[in-house]
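Q: Protein chains in written order, with the working numbering: chain A, 21 to 274; chain B, 39 to 416; chain C, 2 to 357; chain D, 36 to 362; chain E, 21 to 260.
Keep in mind that the hints were calculated from the coordinates and are not lab data. You may find that some hints are simply not true.
Each computed DSS-like pair below joins lysine-lysine, with the alpha-carbon atoms no more than 27 Å apart [unchecked claim]:
#, chain 1, residue 1, chain 2, residue 2
1, A, K228, E, K144
2, D, K336, C, K114
3, E, K127, E, K145
4, B, K397, B, K202
5, C, K114, E, K149
6, C, K149, B, K352
7, C, K350, E, K74
8, B, K202, B, K237
9, D, K160, E, K149
10, C, K210, C, K350
11, B, K211, D, K160
12, C, K10, A, K99
13, D, K160, C, K350
14, D, K160, B, K202
15, B, K352, C, K155
16, B, K237, D, K160
17, D, K336, B, K239
18, C, K350, C, K10
19, B, K285, B, K397
20, B, K315, B, K202
21, B, K80, B, K211
22, A, K228, E, K243
23, C, K210, C, K4
24, A, K228, E, K127
25, C, K114, B, K152
26, C, K210, A, K99
27, C, K3, C, K149
28, C, K4, B, K152
29, B, K352, B, K383
Coverage of chain E stretches by chain D, computed from C-beta distances (three or more under 8 Å per stretch; other residues unrestricted) [said to hold, decoys possible]:
#, region
30, 25-33
31, 36-47
Each residue gets a CB set at the ideal place from its N, CA and C atoms; glycine is no exception.
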Amino acid sequence: MSQPSLSTSGLTIRFGGHTAVNDVTVDFRPGELTVIVGPNGAGKTTFFNMISGQLLPTAGTVLKDGIDITRMAPSARAKHGIGRAFQLTNLFPRLSVLENIRLAVQAQSGDGWRFFTRVGRLTELTARAERYLEATRLEAVAHREAALLPHGDQRKLEVALLMAMEPDIYMFDEPTAGMSLDHAPDVLELIAGIKADRSKTVLLVEHKMDVVRALADRIIVLHNGELLADGPPAEVMASQIVRDVYLGHAGAAA
Amino acid sequence: QEDPIKIALVHGTSGSSFAVYSQQSETGFQLGLEYATKGTMKVKGHPIELIFKDTQFKPDVARAVLAEAYGDDGALIAVGGTSSGVTLGLLPIAEEYERILMVEPAVADSLTGKDSNRYVFKTSRNSSMDSQAQALALSPDENLYVATLAQDYAFGRDGIAAFKTALEAKGAKVVTEEYVPQDATDFTAATERMFNALKDKPGRKVIYIYFAGGGDPMGKVLAMEPARFGIELSTGGNILPALATYKRVPGMEGAIYYYYEGYDNAVNAWLVEEHMKRFSSPPDFFTAGGMAAALAIVKALEESPSLETDDLIKTMEGMTWDTPKGEMTFRPEDHQALQSMIHFKIKVDDAVEWAIPEKVRIIEASEMDIPVGRNNQN
Amino acid sequence: MKKGTLTVKAAALVIWALLLFAPFLFQDVRQIEVAARIAVFIVLVASYDLLIGYTGIVSFAHTMFFGVGAYGVAIALKHMGAGWGPVLLGTAGGVVVTALLAVAIGLLSLRVKAIFFAMITLAAASVVLVLASQLSGITGGEDGMTYKVPELFKPATKLFTDEAGKVVRLWGVQMNGKLAAYYFVFVIAAVLFWAMLRIVGSPLGTVLKAIRENEGRAEGIGYRVVAYRTAVFVIAAVTAALAGSAYALWLKYTGPETVLSFGIMIDILLMVVIGGMGTMWGAVIGATALVMAQYYLRDLMEVAAGATAELPLLPELLNPERWLLWLGIIFILLVYFFPAGIAGTIIDKGDRKAGA
Amino acid sequence: MSAVVARAGGVFWLPVVLAVIAFVLIGVPSSWLTLTVAGLSMGLMIFLMASGLSLVFGLMDVLNFGHSAFVSFGAFVSASTLAALSGWLTSGSLTLEVLALALALGAAVAFGLGAGWAFERVIVKPVYADHLRQILITMGALIVADEVILATWGGVPLAVPRPSFLEGAVIIGDSSIEVYRLFAVAVGVVVYLGLYLMLNRTRMGLLIRAGVENREMVEALGFRVDRLFVLVFMLGSALAGLGGAMWAGYQTLITPDLGAEILVIVFIVVIIGGLGSIQGTLLGAIIVGLMQNYVGFLAPKLSLASNMILMMAILLWRPNGLAPAAK
Amino acid sequence: MSLLSIKDMSVDIGQYSILHGVSFEVQEGGVFVLLGRNGAGKTTTLRAVMGLWKPSPGSVRFRGEDISGLHTSDIARRGIAFVPENMGIFGGLTVAENMVLATASGKFDASRLERVYTLFPALKKFWDKPAGALSGGQKQMLSVARAIIEPRALILIDEPTKGLAPAIVDAMGEAFREISASTTILLVEQNYAFARSLGRDVAVIDDGRIVHTGTMAAFDADKDLQDRLLSLSAFQEDHE
Ligand SMILES: Nc1ncnc2c1ncn2[C@@H]1O[C@H](COP(=O)(O)OP(=O)(O)OP(=O)(O)O)[C@@H](O)[C@H]1O
Ligand SMILES: Nc1ncnc2c1ncn2[C@@H]1O[C@H](COP(=O)(O)OP(=O)(O)OP(=O)(O)O)[C@@H](O)[C@H]1O
Ligand SMILES: [Mg+2]
Ligand SMILES: [Mg+2]
């Protein structure tokens, strides 16, 4: 098996007396799509936050390709190829869709400090941004303010931003939450496309079992901040404990 | 009909509560013109035309309006301004346009100092006069111990320095100098320090308060009962509304620039009467000052061989003229008008809104040793 | 280009053109003073817009930097005498001090909540104000200081002389030092403004907007927010300092009231808002509008009070001494009805129509 | 360790620590006592003026630069009332003097209530949740209010008569304690207790904070946020008026700039206290009051910048202020 | 008489016209489901009923009374609760304080509180913690809990299952079924399986217009209709 592209060891965070993530040690490899499931409040988003840098762990380390990134600022991690889309839509609301994407492209290309070139001159940047616009089928709304988009389009833009960062590690936090069924397939197709690339590592938090089944190479289960199960989808979903804490009746029926 | 003579009044009339002082000054100036021209508002056949400019208490605006007065409106003489900083900014404009600027009522010594120029005359008093007169009013001798309280900036420090020099020349001692922030409102700490410095001294013990603006430091010091240590207070005179707070210190002595009952001369008599008639209140500090400036200008215009600025300057250097404060003389070197001050003693009369600074005596200009700021003669 | 944006740019360019020809168009002394002040304030306001409008940083220390620039030149000229050396040295000194101050404040406190940052800058500004009035030996204290400027800028200097040795007049305008000083200020203002236009149109400019919109996400996609914020804080501060240096040269007087007081900070805020935040061109309109109001609203009211002298009450309300009252009311109405400022509103309206 | 300190009252011991340090440094007990009482009462007077701002700023998240105008108005209204009743003050009757004082303070409060109502309706209502526009529009209002004060009372300083029972000082040994300062302490404590009860014993505080965060949701839960906000605003302005009235009595000679002069200090107090908490504001005010007096005595040179330094130090130590409301 | 009757309701937001004459009737009791694609106008409909957008012209009648001009708080006081799309949590307040504000008197009915605890144990655990620190799903639970802590006549719920784990979705479905015996629920959902299991009546909205109304049973039987209105077929099999 290939070297892990991302690994955590003993990752732990406490808020006051409450341990939200407890001693999680896990490796992720390129070409693999791991779905993280677990009840609400299990610590999935918090786990993501510690990898992408929004929160600093109380203990434990995060390694990206062997480099310790545990205490880096989010921007530095982004430079190291960690990309993240958020559970609650998190965009640049008063900028247009195209500007949103171009910002991510520009961060990736390192042009942010150029202060004397007109943005319009950097046609290369715009062209790249437009590629992601097409990929997420947002061309029609390219010049609308992000805040005015319908929910579904906002979720897509969230994904487009992540794609434009061209990271090695893709982290999606419930990308299709609240998305109607005419939109969801577009997003799932995109994720499938990244997975098909084989060189990227994908982490996906998702509650919709149909989606999980369709995409997962591997499932890990978090419960009360602890790693409860880790393995191939069929095996994990079949285990009794997962049915008890997570799936409930739905699991029983499936 | 001769060409009019234009005089610009350049004061701050908006943007600060000091605007009332400007109004007093301008009122006084107009009354002064009336008096000096016997109501004709003409000098040598030239009608006098007043131009009013508002500095808004901003030096940059002030410079622009003064330049406008000289350059666009053709003012021959300008009078102003109210605050020292604004006025300092005006000085070079007078030089640039080679026209006379009569400083009134701004106080600072520096206005006739080395940054000034030969086009600047000053009828208002300066801080040295305040401080020296104040020192003289304390009748200093070896037996006098003084603590001072002032604001911590150039005005306060310079004033105290002048006061100290005058006191120490007579053998009195300054035991501590306290400086508080300009907008201080709580004087407990400074007062406590002054009490500690003074209380064990033999002889007469005085706290001198030298303060501009509100805050009422005298009231605050008084509330801590200096009398229990045998300490007296002393402070300079003030405008009428502020004199109301002096009712708490009957018998206190100090020096004041002008009080309407303090001077006994024809000009002042006319001023008080007219002012009472028109505004049903007596004239205050700045009214008298404005009038003095007008009287100086009219006299200079009358006596000068021509209306050329150079002739006017020559006429005014050394000129002596009558004002509500008695005679004033422009000192030739720095164009500061030397003038008298009143040594007063506070009297309380319940029928009067303010405490009355009753005249003890007039401190003549000759008794004070006002430093020469610059020499315009070379 | 969109219609609204076009209108705003056209208006701003007209103002710049008027400023360019001001000495010839308006031959009064006061008008030139007004024009120079407008030019300086355009730069000051535009640099502030870079902070507040583009990056979303509320700072009350902008006049402090303006003041440091002005005092740099003033102190150098005062203590070293007139000459170009002191001007350069003073400007350089002002810029260096400004940059150091800005880096220190930025790194220390750009991490705290926006409103706390505003208060810290307010505190820093008042400390500098107190210092300026305290160190009266160097700064002239409360009263400020006057000084001589290089020969070239003295009104008596003749730029061009005819055979008789008199100053040449071009369309009735004397080719003297005052004219040189005006164009000096104008060119500096124009260059600085142009540079800022380039900045907001550059990739850096879009990053600033991103930080304003959503700081966390900007960090998340790879921008070091603190570094960018500090950088823009320094850029804006240095620009303000340069504007201050030019203003000190123009005024030949520097004091707390002209370059440091909180009143100027309020003026800048008003100008940014009246013009329209985050539009850069709005700075031109805002600065012009407010400076004109400061210089002419009073006169206008004098006329109005005169015209209505017969009516009851009105003349009292229109009393020129009360012009600030009206400025305040106009200001409230502006914030109320044109939250996007003049430029912002025109852009919104015009572009929307064009888009529909 | 820090947990123990926190449980024992934490930062609320700071004033005591300050006082103890000062006692050692000053060395003269009588001076220390004078300074401490003066500092405390100064703190409570600042608290009176700051509490309204804290209420409006901390709970409603409205940065009201116009607050200082209410303070000035309160000062002038009460001074004018006292001046109009000066006959009562000199009548020698204690009842009449107390009545005059009560009427003066009442007038300032009443004025604050009315002006607060108008101010909220006309000026602040359109700009909730927009800090920048709040700063701007309230600054515009401040300009207007200052002009109105200038037009009404003129620019000359106004002397404030004081009932004779508030004059003078209590002398203990070599230290003197002004009677007026004791009175200010009493008023400050009463106001603090009232506010504390209102905010902690009723749902009002909760509703306001919730309303600031998500106004629509509070309305969807059945509450009238607009009425609540106007009430809070009126209360804040009334407190400003009361603070101004008390301040006028302390100052005894007032100018229209009075409000603007204390605005910065009031802001500093609210910020170092921590947003949204009346306890924090009281703590901040007392610390500022004590510091002013101690520093003024021990190192007068430093007193100029002492408040600014204090604020910066506290913010660097605790970026959210000393005792912010739990968030 | 129907509990809620919406007639020819249009809503404009700024320059955009969002709803163009929406009409439907909600009968007392049971769950009424409003379905539609993203951006169809579901949220806007709920907000308009709640008085958070002003509908024009048309009318919204609640128990026969026209409530379309009323202030939101007055609408709420008539017994209508609202669970908004963005959850409307007061992040600066604790969970307990969030709940207290949802009661009219400031006191909890013990049995209802117990019910909430059993339904959403997480809320009990975090009772005194700031609500802003809750996980996405926990916030969703708190939002629903606020709506059911008091007896109401009608609850408007906007996508309650978004981001909830399957077990919780089940529990919530149970709870709704139980509540709907006494309280009418107007439910907006993307999760068709969830909606189907609860709904008695259904309306489908598209582009600001009601394009279908009927019973859930009939709608569920008509696959063509579903596919046409909601593109359901894409994932239909998975839900079976
Ligand atoms: N900043 C914080 N302070 C205190 N507690 C927190 C904070 N952030 C998260 N928590 C707690 O940590 C736990 C894990 O939260 P997290 O958001 O990671 O859950 P999750 O697995 O993403 O759940 P969901 O599926 O509902 O999104 C929750 O109980 C939450 O209350
Ligand atoms: N404040 C607003 N300003 C402008 N347009 C808006 C606003 N709110 C909603 N819209 C638009 O109105 C339309 C309907 O929005 P609404 O939120 O009601 O849809 P929805 O059916 O709830 O969709 P979703 O399933 O995504 O929640 C969308 O096109 C949306 O972009
Ligand atoms: Mg989550
Ligand atoms: Mg919706």
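Q: Are the hints correct? Go through all of them and say.
A: Okay, the hints, checked on the actual structure:
1. A:K228 to E:K144: holds (26 Å)
2. D:K336 to C:K114: Distance of about 31 Å is beyond 27 Å: violated.
3. E:K127 to E:K145: holds (20 Å)
4. B:K397 to B:K202: holds (24 Å)
5. C:K114 to E:K149: The hint holds at about 22 Å.
6. C:K149 to B:K352: Holds - the C-alpha atoms of B:K352 and C:K149 are around 26 Å apart, at most 27 Å.
7. C:K350 to E:K74: holds (24 Å)
8. B:K202 to B:K237: Holds, because 20 Å separates the two Cα atoms, which is no more than 27 Å.
9. D:K160 to E:K149: violated (32 Å)
10. C:K210 to C:K350: Holds, because 22 Å separates the two Cα atoms, which is no more than 27 Å.
11. B:K211 to D:K160: violated (61 Å)
12. C:K10 to A:K99: violated (38 Å)
13. D:K160 to C:K350: holds (24 Å)
14. D:K160 to B:K202: Outside the cut-off at roughly 57 Å; violated.
15. B:K352 to C:K155: At roughly 26 Å apart (the allowed maximum being 27 Å), C:K155 and B:K352 satisfy the hint.
16. B:K237 to D:K160: The hint is violated at about 57 Å.
17. D:K336 to B:K239: holds (25 Å)
18. C:K350 to C:K10: holds (15 Å)
19. B:K285 to B:K397: holds (16 Å)
20. B:K315 to B:K202: violated (42 Å)
21. B:K80 to B:K211: Cα-Cα ~53 Å, so violated.
22. A:K228 to E:K243: holds (22 Å)
23. C:K210 to C:K4: Holds, at roughly 22 Å.
24. A:K228 to E:K127: Since the Cα atoms of A:K228 and E:K127 sit roughly 37 Å apart, the hinted pair is violated (cutoff 27 Å).
25. C:K114 to B:K152: Not satisfied, since the Cα-Cα distance of roughly 49 Å exceeds 27 Å.
26. C:K210 to A:K99: Holds, because 20 Å separates the two Cα atoms, which is no more than 27 Å.
27. C:K3 to C:K149: This hinted pair is violated, its Cα atoms lying about 48 Å apart.
28. C:K4 to B:K152: violated (58 Å)
29. B:K352 to B:K383: violated (40 Å)
30. 25-33: Check failed, 0 qualifying residues.
31. 36-47: violated (count 0)
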